[in-house]
Amino acid sequence: MKKYSLAIIAMMLISFLTHASNEAYVKAMQKELQAMGSALSPEDLQKIANGFARIATMAPEEWLPEYYAGLALANAGFRSQGGIEEKDTFFEKAKKHAEKAASISPDNSEIVALQGFITMGELAADPNSRGQHLSAQAMQTFNKAVNLNRKNPRAVVMLAQMELGMAQFFGQGPEKACGLVKTALDMFEKEEGLESNDPLAPKWGKDMALQLKQTCQ
Amino acid sequence: MKIIVICCLLFLIQPIFAQSTIKGLVTDQRGQTIPGVNIYLKGTFEGTSSEIDGTYFLETEERGAYILVFQAMGFKSQEFEIDLEGKVLEINSTLKEAINEMTAVTISAGAMEASDEKKAVVLRPVDIVTVPAAMGDIIGAFQTLPGTSNVGNDGRLFVRGGDASETSIFIDGLKVGNAFGTTASNVPTRTRFNPNLFKGSFFSTGGYSAEYGQALSSALALKTVDFPVRNQGDISLMSVGGGLTQTLAGEKSSLTASANYFDLSPYQSLIKQNFDWERAPFGWDAEISARQKWGKSGVVKAYLHTESNGMKIWQPVPGSEDRGQLVGVKNNYTFGQASFKQLGKNDWSYYGGVSYSNNVDQFNLDQLQVRNQNQVLHSKAVAIKGFSDRFSIKTGLESYLYTYEEQLLSEGLSRDYQDHHAVLFTEADYYVSNKLILRGGLRAGNSSLAKQTWLDPRVSIAFKFDHDGQLSLAAGQFSQMPVEQLRILDQSLHNTIADHLILNYFLSKNGRTVRAEAFYKDYKKLLTYEVAQLFPMPIGFDNIQQNGEGYARGWDIFYRDQKSFKNTDFWVTYSFVDSQRKFAHFTEMVQPGFAPRHNGSVVVKHFIQPLRSQLGVSFSINDGYTYDNPNLPGQMNSKTKSFQDLSLGWSYLPKPNLIIHLACSNVLGRDNIFGYQYANVTNEKGVFEGNPIRLQAPRFLFLGIFLTLSKDKTANNLNNL
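Chains A and B, in that order, are what the protein sequence lines are. Here the first sequence stands for residues 1 to 217, numbered as in my numbering. Here the second sequence stands for residues 1001 to 1721, numbered as in my numbering.
Just to be clear, a hint being listed does not mean it is correct.
Here are the simulated DSS-like pairs of lysine-lysine, each with C-alpha atoms no more than 27 Å apart in a straight line [said to hold, decoys possible]: (1) 96(A) / 1199(B); (2) 151(A) / 190(A); (3) 96(A) / 1252(B).
Which stretches of chain A does chain B cover? Using the computed rule of at least three CB atoms under 8 Å from a CB of chain B, they are [claimed, not checked]: (4) 42 to 52; (5) 85 to 99; (6) 162 to 170.
Pair ranges (Cβ atoms, derived) [what the hints assert, rightly or not]: (7) 1568(B) / 83(A): 32 to 42 Å; (8) 1669(B) / 79(A): 50 to 60 Å; (9) 168(A) / 1272(B): 36 to 46 Å; (10) 1226(B) / 79(A): 37 to 47 Å; (11) 107(A) / 1494(B): 53 to 63 Å; (12) 99(A) / 1555(B): 42 to 52 Å; (13) 1435(B) / 201(A): 37 to 47 Å; (14) 168(A) / 1568(B): 13 to 23 Å; (15) 1274(B) / 173(A): 43 to 53 Å; (16) 199(A) / 1242(B): 28 to 38 Å; (17) 1244(B) / 201(A): 41 to 51 Å; (18) 1469(B) / 43(A): 20 to 30 Å; (19) 1296(B) / 173(A): 39 to 49 Å.
Calculated directly from the structure, the hints in this document are not laboratory data. Ideal Cβ placement from N, Cα and C applies to all residues, glycine included.
Kindly generate the complete structure, drawing on both the sequences and the hints.
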């Protein structure tokens, strides 16, 4: 009997401790996510990425901290006013985090979409010499992300962005791209409506869809 | 129950009253502050980042012994053991830089890279197919780079006063024998390989790594495409032929197969030619390449290329009015290779492979039938060990088996030789810092035929300035066996030798690239001989000796700009070469016919968005080629007028998967002359009569339509580059 109660206590203690560390994890994640919502400068985004990287060392089995560290650095790359080299440094760091996330959670549509987003950033840093091969690569990656999860609005909206660029370049109609934008917006709304939603799950990208919608009108 | 435990724990961590504060400054070894450093207490969620001025401030409620970590990309992490007892701690950290492959100095002396991966590149893979004068030939694009001379009637690569045989070509690190198509004299040749096959290249005009040998002047290392992104079919229709390519791409493996056919007769029947063709050049080729991922990080690649082509041409004999001599060329060629690379444990990595090339030429000169066969079997295994992020050693073992056979079919005579080279090379790289790298290498070889053993030392050093420009210096010795046609006559011939000294400045920043280089090259043990006849094929060599010598010195400059003009990318090159050598049938130091002193080129590519078109213009110029006029005293006593070529290209993308490419060389129709060919005997007036050597036609017009079929309909021919 004594043995059992000890075991029970030990189990409870473990469950409590993991719960406590889980709570700390969620709290830490939410703090950084909140900061990311208002961060604008590459410097601030770098700090937030540092925050997520700290969480990642504490929670090595979770893919989200690595994912968000990558996302923050990708955004820093997009926002950077520096030259190609500076932007590339951000994207290079972002890639490393995305790769780590992918090794924790393989075939994850959100991570694949983030990898496409980083490729898009590298393309935007030097479109003249990278356009040719990176546009194909980005397109390919977004297609893969959509195929992994047809309900991932971020994958769909970024695919729409690439399709729109392609259509504009070739003077074709934007119908296909705009159709995708509409689908993505519906998905974003559904995502917001979900009560049971994981508070830490990726939710960004709606403003991109809204912006594209304006181009479509 | 749970509540009790919580209470217990609360009691355990009760004594928190005062917060601890840690603050300080993070700098690098030179005292400059570092922003964005991740600073945290190991094993907790507590942490912060350094500010733009390098300061940080961390407040924590933790107490006890902890480890404070400083972490930033590009630096080695630093840890401090600290005691948190509710007080203010001041900890300043000086981070040591880590060697960062992305931004660290690279050795750029002699080297020009075309790739998407590295920063120190001069060309992008896509440039190779879009330089108008290149006409889709890999070499055509390199001819617009510094250090090369445009020798239009040959078509091969001539680097800094070196002849074409002084450049060796490698695919995925393995030697390619007879990389250029066989041709009749003064009919320019092309590389055999489809430019779309390669995703990067490393072109060195001297001072290169100990990994490459048997090349006096230059090494061109081409890297094949890794993994294509999708299944696709490519159809090409050109004014000179057509081809089909099918690509199957999987997660772990891929297969590409292609077949091409060309025949210049329809084109030549439409456009007047300078040459008197009996049969215009024609040929076919077939290629298969396969790639397979191996384990977690390994890749195995295999590639097979086979082709057959021919031509028949009447070559005028100086001093005679009739059609001249009929030269027939038939060529069969096969190249196959398999290569691998793999990352091992403990910072070991390995690569290597085997390549085989077999070239069979059959020449018909009037009644004379000659058959030459050249085979090269190359195997290579390389291991790299990284001892730290600063120091690594690369060691490789190579074996080359050269077999050459000449047959005089009409007379039933034949002769051949076989030569085996065993080679060992080793090279050490040491980063003193991100700004300074030293490299030293040794290449040792032994030839079974020449019974010679040699040792070539190579050193280089590079320094990167704060403004990101870098200065490199390279020196070394380079050995190469003489060409097959002479070795078969005298099998005791030893290596010819060149010593290189190169000083290079390179800066690539925000879409602009400047590269300036000065060089000195000293040739020793060059071959000299007497020759009975030079045209249309050199035959009757006699008195072969290795007492030739020479030098090439000069400088070149390259500027590329993708930034200053919207949608425009251009580069400008000027190369000065002062070269004199005693070689071949010359008995004194002369300026070789393939080494013009002043060489320049300009390439402009402009994208016109509303037309979805890229316009390309390239202009090449040099001050003329020296040649030997037997009517004048001395050797190499004359010079042609300046060579000039203005080429235009237009690429149009009407649909995402369709490319239409139109190009025309020498738009102005300038009558370029590459030298003169003189009669072997004087005419009745006592004068050697000469014919100018020209191109086959003043202009070459190229029209190509490239259609790509794939599931997503947006892919095209260039996407894999």
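Output the indices of the hints that this structure fails to meet, ascending.
7, 10 and 16
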